[in-house]
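Could you put together the complete structure from these sequences and hints?
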Amino acid sequence: MARRGDTRRLAFLLAPASVFLGTCFIGPLAVMMLYSFLEPGLYGGVEWNFYHWNYGRILGWADGEWEEFDAVYVQIFLRSARLALTNVAITLIICYPAALWVSGLPARWRTLVVFLITLPFFVSLVVRLFAWVLILRPSGFLNSSLLGLGLISEPIDIIFTETAVLIGMAYILLPFMFLPIYASVEKLDRSLLEASADLGASPLQTFFRVTLRLTLPGIAAGAVLVFIPSLGNFIVPDILGGAKVLMIGNLVEQQFLSARNWPFGAALSVMIMIVMFAAIVLYLRAIGRQEEVSP
Amino acid sequence: MKRSWVRRLLGLHGMLFLIFVYAPIVMVVVLSFNANPINMMIWSGFTVDWYWSILGYPTQLNEQTLYVESTDQLLAAVKNSLIVAVSTTTISTVLGTMTALALYRYRFRAQRFYQGLLYMPMVMPDIVLGIALLVFFVGVGVSLGVISIIIGHCTFLISYVFVVVSARLAGMDDTLEQASADLGANEWVTFRRITLPLILPGVIGGALLAFIISMDDLVITYFIAGVDSTTLPVFIYGMLRRGVKPEINAIATLMLTLSFIIATLGLYLRRRS
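Chains Z and R are the protein sequences, given in the same order. Under the working numbering, the first residue of the first sequence carries the number 1, and numbering increases by one thereafter. Under the working numbering, the first residue of the second sequence carries the number 1, and numbering increases by one thereafter.
These aren't lab readings, by the way, just hints derived from the structure by calculation. Just so it is clear, the structure is predicted and the values come from calculations on it, not from any experiment. Be aware that a few hints might be false.
A short list of chain Z residues far from chain R (calculated; beta carbon distances all over 10 angstroms) [stated by the list, open to error]:
id, residue
1, 55
2, 74
3, 77
4, 137
5, 220
6, 225
Just the calculated beta-carbon pair ranges, DEER-fashion [said to hold, decoys possible]:
id, chain 1, residue 1, chain 2, residue 2, range
7, Z, 49, R, 107, 44 to 52 angstroms
8, R, 75, Z, 244, 30 to 38 angstroms
9, R, 113, Z, 43, 36 to 44 angstroms
10, R, 187, Z, 285, 40 to 48 angstroms
11, Z, 19, R, 44, 52 to 60 angstroms
Note that CB positions come from ideal geometry on N, CA and C, so glycine has one too.
See the structure below:
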């Protein structure tokens with residue numbers, strides 16, 4: 001593939017994006033990391049002193065002289081991780097059978113259904129969440145219907161609970177779980193399933209020993225793609241969780257837009273990033289091992 | 001038979017899945033035509049007055065209950081969104097396509113690094129990128145406004161265009177380009193006459209995707225928009241925070257329609273190619 005004059009052309013093609021991403025993507029992340037080690041100014045802004053208490057406040061080595069350690073931050077982190085993992089489980093349970101269903105459809109239907117499932121991804125997030133506010137609020141669709149049918153006697157509180165946040169997050173992130181799983185189900189070698197059945201395995205055994213194993217890469221990819229945006233989400237908990245379900249994203253937003261403690265907000269944000277990288281590394285290792293087992 | 005029983009259960013699940021995905025959207029569209037200004041959930045007749053009222057025209061509904069906050073603000077937000085979306089689409093399509101060409105037509109040492117770099121903005125949680133950009137702009141002294149939003153959107157949209165164009169390039173060999181070069185065409189002619197027409201469906205697909213995502217972006221824009229540069233999603237988010245109002249149904253329906261049209265156009269182009 002190598003041709004003469006390649007270096008010059010390559011440089012021409014790569015330079016603009018390199019300069020742009022270098023300054024406007026890597027740059028901001030670096031500045032944010034730098035901020036997380038600076039001292040918060042009294043009235044917003046920063047003092048240019050090395051200051052590790054931002055992390056101490058979260059992780060526990062702040063001794064009360066400069067900053068107070070408060071376990072609430074770790075708790076919010078854990079709650080966010082719990083909600084994000086629950087969301088991974090919910091979307092997996094919804095999407096896996098759906099992917100099996102779609103892959104079993106006749107070819108011309110398949111494209112249409114996949115398109116229909118991914119279409120809402122193109123609809124504005126705020127519009128999709130607005131729809132759920134209309135459904136879940138006390139005078140909303142769900143309560144109106146249930147009251148109308150006489151199934152309940154007074155409105156139930158769903159909005160501003162963890163349930164509402166989970167419904168909203170599952171709704172907006174479904175395509176991210178569906179597509180990778182569908183891609184791996186689609187690639188599945190049907191003859192292996194037949195072989196398994198011919199050798200006397202029950203359908204259930206075939207599913208757990210063959211289908212599920214072979215589609216693990218899809219599941220892993222979907223899990224990462226759902227986990228990361230769930231963890232740092234602040235719009236869903238803000239709209240559907242109110243002040244009651246605070247997630248790490250809301251905490252970061254508060255530090256930037258109301259508490260005006262940017263270094264602390266940056267430190268929280270860096271921690272989200274670390275968890276993100278950990279998730280990706282775990283994923284890559286899992287995929288690597290999978291490839292060793294089934295080349 | 002047992003198999004068909006399983007299939008039927010899967011089919012039922014699939015139907016429920018599609019209902020779960022579409023019911024909320026359909027509900028918003030239906031409610032946008034409901035004439036009841038007090039309780040949205042009670043149908044009291046068909047009307048298009050909400051659409052007129054968001055455009056600032058006096059309507060029957062409007063006389064009883066004045067809901068529209070400011071049509072001027074809404075229109076300004078739409079204008080900002082369009083300016084941002086058109087600029088970011090142009091920039092990210094050019095840069096994304098160039099990068100895809102570099103990575104799929106050449107071999108070089110930093111290839112894997114670039115691949116990683118280009119995937120990073122797509123997996124980075126929105127809030128992290130949003131506040132990193134905010135800190136950066138304030139630190140460097142770029143005032144928050146339309147320009148900062150355009151820069152911010154480009155940081156992740158280049159990656160989306162890159163992925164779409166790469167998918168196109170990956171399924172193509174470079175025989176025609178080689179032939180064109182052998183026949184004496186210079187680089188520019190080869191690009192314009194051979195490469196570009198071949199990758200055009202991918203480029204247009206990437207551009208449409210970038211346009212939709214830019215129009216719809218909420219989280220990153222929320223952090224880096226200045227006071228006077230609110231975009232449409234941020235504007236609706238602000239309205240929503242202050243309370244649910246029937247006009248939002250109408251605005252939401254218009255946005256839905258636009259997204260659906262662009263997405264369908266994208267699919268159509270992809271199937272034709």
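Hint check:
With a minimum CB-CB distance of about 16 angstroms to chain R, residue 55 of chain Z clears the 10 angstroms threshold, and the non-interface call stands. With a least CB separation of 19 angstroms from chain R, residue 74 of chain Z remains clear of the 10 angstroms interface cut-off, as annotated. Non-interface call for residue 77 of chain Z relative to chain R: holds, since the shortest CB-CB distance, roughly 14 angstroms, exceeds 10 angstroms. The Cβ of residue 137 of chain Z sits about 7 angstroms from the closest Cβ of chain R, inside the 10 angstroms cut-off, so the non-interface label is violated.
For residue 220 of chain Z, the non-interface assignment is confirmed: its Cβ lies about 14 angstroms from the closest Cβ of chain R, beyond the 10 angstroms cut-off. With a least beta-carbon separation of about 8 angstroms from chain R, residue 225 of chain Z fails to lie farther than 10 angstroms from that chain, contradicting its non-interface assignment. Take residue 49 of chain Z and residue 107 of chain R: their Cβ atoms lie about 47 angstroms apart, and the range 44 to 52 angstroms holds. A hinted range of 30 to 38 angstroms holds for the C-beta pair residue 75 of chain R and residue 244 of chain Z, which are about 35 angstroms apart.
At about 41 angstroms, the beta-carbon gap between residue 113 of chain R and residue 43 of chain Z stays in the expected band of 36 to 44 angstroms. In this structure the hint that residue 187 of chain R and residue 285 of chain Z lie 40 to 48 angstroms apart at CB holds, the actual value being about 42 angstroms. One distance hint, 52 to 60 angstroms for the beta-carbon pair residue 19 of chain Z and residue 44 of chain R, holds here, with the actual separation near 58 angstroms.
Checked against the numbered hints given earlier, this structure breaks hints 4 and 6; the rest are met.
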